[in-house]
Amino acid sequence: MLDFYAVDSLLGPEQRAIRATVREFVDAEIVPNVRGWWDRHEFPGAIKERYGALGLFGANLPEEYGCAGVDDIAYGLINYELERGDSGLRSFASVQGALVMYPIYAYGSEEQRRRYLPELAAGRLIGCFGLTESEGGSDPGAMRTRARRDGDGWVLNGAKMWITNSPIADLAVVWAKDDEGIVRGFVVPTDTPGFGAPTIESKMSLRASCTGEIVLQDCRVGPEALLPRSGGLKSPLGCLTQARYGIAWGALGALEAVYTCARDYAATRTTFGKPIAGRQLVQDKLVRMLTDHSLGLLMAHQLGTLKGAGRMTFAQVSMAKRNNVRVALNGARAAREILGGNGITTEYPVIRHMLNLETVDTYEGTHDIHTLIVGREITGLGALE
Amino acid sequence: MRILVCVKQVPDPNTVVYQIDPGTKRLVRDGVTNVLDPGAEVALEAALQLAERDGESTVTVVAMGPEDAEDAIRRALAMGAHDGALITDDALAGSDALGTAKALAAAIGQIGFDIIFCATESTDGYSGMVPGMVAELLGIPHLSFIRSLEVRDGVLTGQRVIALGYQTVQCPLPLLVAIASGSHEARYPALKGIMAAKRKKVEEYTLADLDLDPDDAGEAGARERVLELLPVEERQAGVIVEDNGDGAARIAELLRQRGVL
Ligand SMILES: Cc1cc2nc3c(=O)[nH]c(=O)nc-3n(C[C@H](O)[C@H](O)[C@H](O)COP(=O)(O)OP(=O)(O)OC[C@H]3O[C@@H](n4cnc5c(N)ncnc54)[C@H](O)[C@@H]3O)c2cc1C
Chain A
1 MLDFYAVDSL LGPEQRAIRA TVREFVDAEI VPNVRGWWDR HEFPGAIKER
51 YGALGLFGAN LPEEYGCAGV DDIAYGLINY ELERGDSGLR SFASVQGALV
101 MYPIYAYGSE EQRRRYLPEL AAGRLIGCFG LTESEGGSDP GAMRTRARRD
151 GDGWVLNGAK MWITNSPIAD LAVVWAKDDE GIVRGFVVPT DTPGFGAPTI
201 ESKMSLRASC TGEIVLQDCR VGPEALLPRS GGLKSPLGCL TQARYGIAWG
251 ALGALEAVYT CARDYAATRT TFGKPIAGRQ LVQDKLVRML TDHSLGLLMA
301 HQLGTLKGAG RMTFAQVSMA KRNNVRVALN GARAAREILG GNGITTEYPV
351 IRHMLNLETV DTYEGTHDIH TLIVGREITG LGALE
Chain B
1 MRILVCVKQV PDPNTVVYQI DPGTKRLVRD GVTNVLDPGA EVALEAALQL
51 AERDGESTVT VVAMGPEDAE DAIRRALAMG AHDGALITDD ALAGSDALGT
101 AKALAAAIGQ IGFDIIFCAT ESTDGYSGMV PGMVAELLGI PHLSFIRSLE
151 VRDGVLTGQR VIALGYQTVQ CPLPLLVAIA SGSHEARYPA LKGIMAAKRK
201 KVEEYTLADL DLDPDDAGEA GARERVLELL PVEERQAGVI VEDNGDGAAR
251 IAELLRQRGV L
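As they're listed, the protein sequences go chains A and B. The opening residue of the first sequence carries number 1 in the numbering used here; numbering runs sequentially from there. The opening residue of the second sequence carries number 1 in the numbering used here; numbering runs sequentially from there.
To be clear, the hints were calculated from the coordinates, so they are not data collected in a lab. All values reported here derive from a predicted model rather than from experimental measurement. Among the hints, a few may not be true.
[Said to hold, decoys possible] To give a feel for the contact side, a few chain B residues facing chain A, derived at Cβ under 10 Å: (1) 75; (2) 78; (3) 188; (4) 191; (5) 194; (6) 195; (7) 197; (8) 201; (9) 233; (10) 237.
Heads up, the beta-carbon is just placed ideally off N, CA and C, and yes, glycines get one too.
Next up, chain A with everything else stripped away, as it sits in the complex (with noise of 0.2 Å):
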């Protein structure tokens, strides 16, 4: 790992042993084929059972339900390494862990987590969460898609846009809001009649995941479907706060790889009889790469330890989910430009990066989103409704 400021030093055995084996894994299997994928706007079906085999999907829900138990550092640690090679690849994972596997775990029955979640830990079975519509994502609680009573289940109507997984998914997540207006969640088998997932074309940005939508017309569940403890905006909101949780750290991989690239071929392009790591203005675009990966590595350190002792907060893990991803994203763009010509084609990673991280600035809370809830947390004076 890239780690100036040895926060190695900060871990235990099986957090770095776990390390070890996501990086291991990454280096052999992502790294060497993720252009292929990208470059064709394909998804990679079989790494669904490599991450199950590996233990990858929801990591740090407990062991009782087929998943591994990690601690929160780890299972960011996992996140890091994902990214390294494809933020695509690790929102795959992100998606099925902390936005399916977490509302099951925390809002379902336990005949629900006994029934989904080992076949999700174990990728024989794949989901998708379905939050956001197509009028303004950044205010989900605007959401048109209802569910309405029909005798003891549910019939949903609706549409859902920008749905990571959707397309290949068995199962959705999906939030509507009930016949009071109140926000739950529901567990839709995706062969159900009336579910439909088309696939979003043509994305110029985490083309190694599949996106779609999810059309709802008249789907008709039982009441096995409902997530019976979701209700409220309060629910898909804490999904999304593991989520980001997990992006704060997945970013910093994505800038580990484009600094690592820049850093390396700075080195080695001569211009005016000497390598361009030797300007001053490329070594001020490297050193300012490296602090922001310092800083934001420190701080993903930090919210674990929060988070595993039960005190992280919201606008906490709003900060650094701002933070991280918008200085990978930066740092990207520095790459990009240190490379010149050649930082524009997908033979090196730095552009499937830059464009990938465009995705991670704008889910899971845009940018300027995050900085009005921190800024609300901090004058008390919201900006955002």
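Place chain B with the ligand on chain A using the hints.
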């Protein structure tokens, strides 16, 4: 079956540039990242596969090394071994191949076994002598360069790599097999394995536990001496054969001169 696997901790061949201390003529092991020998991982993989097919076997890993060699054992436990044994004693520093083999054989004799797996050679020392010596000290047969194996009714049938292919060999247990490098693809330790490994037992053995004297092993007992270290000869420039219609014949002639054909 009780399966034992000898494993070693070595400086990480992927990140460490191996250096030899000119004074002691030994590999520099301090201040470098050490890992479970990739060759030992291959032997362990073969052992784990055998245990998984059989369903009732246990796999114990045995390592000799400094205290921190426990990290290598933990990695092996995370890959799926059931328990571990670490032979560690200050007096073992500087052991030669025979000293190492004596310590391993003594511990293995105490633990008990049906079959012992070793790598063909370690990635740092490359002497390749320890497996044969351990087998000899324990008075059991040694099958070298094994690339695949099966055990039925107390008899091992395996394929042994030779220059032009492989031989099928058979031998009743107990025995020691040295696994051919690259014959198995070692698994990554899964996260659940890593979490389970911290609950698994690692037994420590000192020289006294093994009834060995300081002059059986370690610097004092070493009979091998490294007399001289020489740098590798610089590679000669290659020969470029220009093809004027007879290129193939001239390449064949060059290969014949070097004894390849
Ligand atoms: C590839 C990809 C995958 C995704 N995966 C998922 C998924 O799996 N599940 C899911 O539910 N969603 C998913 N999303 C959706 C994502 O969370 C939303 O795109 C995001 O929340 C922003 O919503 P929006 O795109 O509708 O933008 P908008 O909400 O319309 O925002 C547009 C701009 O306006 C700004 N803005 C909005 N409100 C304010 C305000 N009050 N004050 C100041 N500025 C404001 C925003 O910061 C932004 O710059 C994904 C998105 C992408 C691109």
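Evaluation of the provided hints:
1. 75: At 7 Å from the nearest chain A Cβ, residue 75 of chain B passes the 10 Å test, so the hint holds.
2. 78: holds, 6 Å
3. 188: Holds, because the Cβ-Cβ distance from residue 188 of chain B to chain A comes to roughly 5 Å (cut-off 10 Å).
4. 191: Status holds, d = 3 Å.
5. 194: Holds. Min distance 5 Å.
6. 195: holds, 6 Å
7. 197: It holds, given that the least Cβ distance between residue 197 of chain B and chain A is near 8 Å, below 10 Å.
8. 201: violated, 16 Å
9. 233: violated, 29 Å
10. 237: violated, 24 Å
The earlier numbered hints that this structure contradicts are 8, 9 and 10.
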